[in-house]
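Engineer: Chain by chain, the residues:
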Amino acid sequence: GENVEQHPSTLSVQEGDSAVIKCTYSDSASNYFPWYKQELGKRPQLIIDIRSNVGEKKDQRIAVTLNKTAKHFSLHITETQPEDSAVYFCAAKYGNEKLTFGTGTRLTIIP
Amino acid sequence: GAVVSQHPSRVICKSGTSVKIECRSLDFQATTMFWYRQFPKQSLMLMATSNEGSKATYEQGVEKDKFLINHASLTLSTLTVTSAHPEDSSFYICSALEGTLSYEQYFGPGTRLTVT
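These protein sequence lines map, in sequence, to chains L and C.
Under the numbering used here, the first sequence has 35 at position 35, and the numbering climbs by one with no breaks.
Under the numbering used here, the second sequence has 44 at position 44, and the numbering climbs by one with no breaks.
Source of the hints: derived by calculation from the structure; they are not laboratory data.
Yeah, the Cβ is synthetic: ideal placement off N, Cα and C, and Gly gets one too.
There may be inaccurate statements among the hints.
[To be verified] Computed from the model, here is a short list of chain C residues facing chain L with C-beta under 8 Å: (1) Q29; (2) F34; (3) S43; (4) L46; (5) N51; (6) S54; (7) Y58; (8) S89; (9) I93; (10) L97; (11) Y103; (12) P109.
[Stated by the list, open to error] Below, in silico cross-link-like pairs of lysine-lysine (DSS-like), each with a Cα-Cα straight-line distance of 30 Å or less: (13) K64/C to K71/L; (14) K66/C to K58/L; (15) K20/C to K58/L; (16) K71/L to K58/L; (17) K20/C to K42/L; (18) K64/C to K22/L; (19) K41/C to K66/C; (20) K71/L to K20/C; (21) K22/L to K20/C; (22) K64/C to K42/L; (23) K55/C to K22/L; (24) K58/L to K22/L; (25) K22/L to K42/L.
[To be verified] Calculated from the model, a selection of chain C residues having no Cβ within reach of chain L, i.e. all distances over 10 Å: (26) C13; (27) L44; (28) M45; (29) L76; (30) H85; (31) G99; (32) Q105.
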């Protein structure tokens, strides 16, 4: 089955700086890679996703890059703000099958 | 966007009792629903996948007789934790897929179960 690794487990950045979180996956058949933000006690919130036919996708301050050959994908947050502090999860799957989540990254934005 | 609800949001029960958690898709038909468990400071772990009208598929290590899943309609799936024990205390989250061609999963708000 699919295995997703995520790094780092914790990340602290100064407000206004950029944050990068990286994930690798094992199943070359996976073709959908979402990123979720989860605040304490709440549901995961989809912030951006990318499909395997695209190498990069951007939505305002958030971007995701995908390297299918190397089987890794990354989340980039620019101009970080205190409200970006949360736990972020990457995930991977094929089509409408089950999602496999990474282990999560606790991001702290230092004012 | 698509909305998934869960009920109850929090429940406290005594050891040995059973607890039922409901997951509903409010504005779409969910052909597939997923049940996850999340322990503090950990990732979401898939427990089972349920398709409307058929038996759930459980992940390795998840006891199907303890975690009963019923997906009786295209808008409702239930998870019953039977003979609950303190180690079953966790955050349970469901998610739903709309149709068979959909990629995005819509998550419910979660249910915090505490077994005393």
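Engineer: Now tell me if each hint is right for this structure.
Structural biologist: Against the structure, the hints:
1. Interface restraint check: Q29/C against chain L, minimum CB-CB distance 14 Å, threshold 8 Å, status violated.
2. Evaluation of the F34/C hint against chain L yields a held restraint, the C-beta minimum of about 6 Å falling below 8 Å.
3. Hint on S43/C holds. Least Cβ distance to chain L is approximately 5 Å, under the 8 Å limit.
4. Of the supplied interface hints, the one on L46/C holds, with its beta-carbon coming within about 6 Å of a beta-carbon of chain L, less than 8 Å.
5. About 11 Å separates the beta-carbon of N51/C from the nearest beta-carbon of chain L, more than 8 Å, and the hint is not met.
6. Residue-level restraint check for S54/C is violated (minimum Cβ-Cβ distance to chain L is 15 Å; threshold 8 Å).
7. For the restraint placing Y58/C at the interface with chain L, the shortest Cβ-Cβ distance is roughly 12 Å, beyond the 8 Å limit, so the hint is violated.
8. Given hint, S89/C at the interface with chain L, is violated; its Cβ is 14 Å from that chain's nearest Cβ, farther than 8 Å.
9. Nearest Cβ of chain L to the Cβ of I93/C: about 6 Å, under the 8 Å cut. The hint holds.
10. For L97/C, the shortest C-beta to C-beta distance to chain L is roughly 5 Å, which falls under 8 Å, so the interface hint holds.
11. Look at Y103/C: its Cβ gets to within about 5 Å of chain L, closer than 8 Å, so that hint holds up.
12. Interface restraint check: P109/C against chain L, minimum CB-CB distance 5 Å, threshold 8 Å, status holds.
13. For a cut-off of 30 Å, the pair hint linking K64/C to K71/L is broken: about 33 Å separates their Cα positions.
14. Proposed proximity of K66/C and K58/L is contradicted: the alpha carbons are some 43 Å apart, above 30 Å.
15. Taking the CA atoms of K20/C and K58/L, the gap is about 40 Å. The hint is violated against a cut of 30 Å.
16. As the CA atoms of K71/L and K58/L are separated by approximately 19 Å, the hinted pair is consistent with the 30 Å bound.
17. For the given pair, K20/C sits about 20 Å from K42/L by alpha-carbon distance, which is consistent with the 30 Å threshold.
18. Between the alpha carbons of K64/C and K22/L the distance comes to roughly 34 Å, so the proposed pair goes past 30 Å and is violated.
19. In summary, the hint linking K41/C to K66/C is supported, as the alpha carbons are separated by about 24 Å, within the 30 Å threshold.
20. For the hint linking K71/L to K20/C, the alpha-carbon distance of about 39 Å lies beyond 30 Å, and the restraint is violated.
21. A threshold of 30 Å between alpha carbons decides the hint, and for K22/L with K20/C the separation of about 37 Å lies outside it, so the pair is violated.
22. Using a Cα cut-off of 30 Å, the hinted pair K64/C and K42/L holds, with the two alpha carbons roughly 26 Å apart.
23. For the hint pairing K55/C with K22/L, the CA-to-CA distance comes to about 36 Å; that exceeds 30 Å, so the pair is violated.
24. Distance hint between K58/L and K22/L is fulfilled; the C-alpha atoms sit about 16 Å from each other, no more than 30 Å.
25. Restraint check for K22/L and K42/L: satisfied, since their Cα atoms lie roughly 23 Å apart, inside the 30 Å limit.
26. With a minimum CB-CB distance of about 19 Å to chain L, C13/C clears the 10 Å threshold, and the non-interface call stands.
27. The claim that L44/C is not at the interface with chain L is violated, since a C-beta of that chain comes within 10 Å of its own (minimum 5 Å).
28. Distance check for M45/C against chain L: the nearest CB is about 8 Å away, which does not clear 10 Å, and the non-interface claim fails.
29. With a closest Cβ-Cβ approach of about 18 Å to chain L, L76/C is found to remain outside the 10 Å limit, as its non-interface label requires.
30. No Cβ of chain L approaches the Cβ of H85/C within 10 Å, the least distance being about 22 Å, so the stated non-interface status holds.
31. At roughly 8 Å from the closest C-beta of chain L, the C-beta of G99/C falls inside 10 Å, breaking its exclusion from the interface.
32. With a least beta-carbon separation of about 6 Å from chain L, Q105/C fails to lie farther than 10 Å from that chain, contradicting its non-interface assignment.
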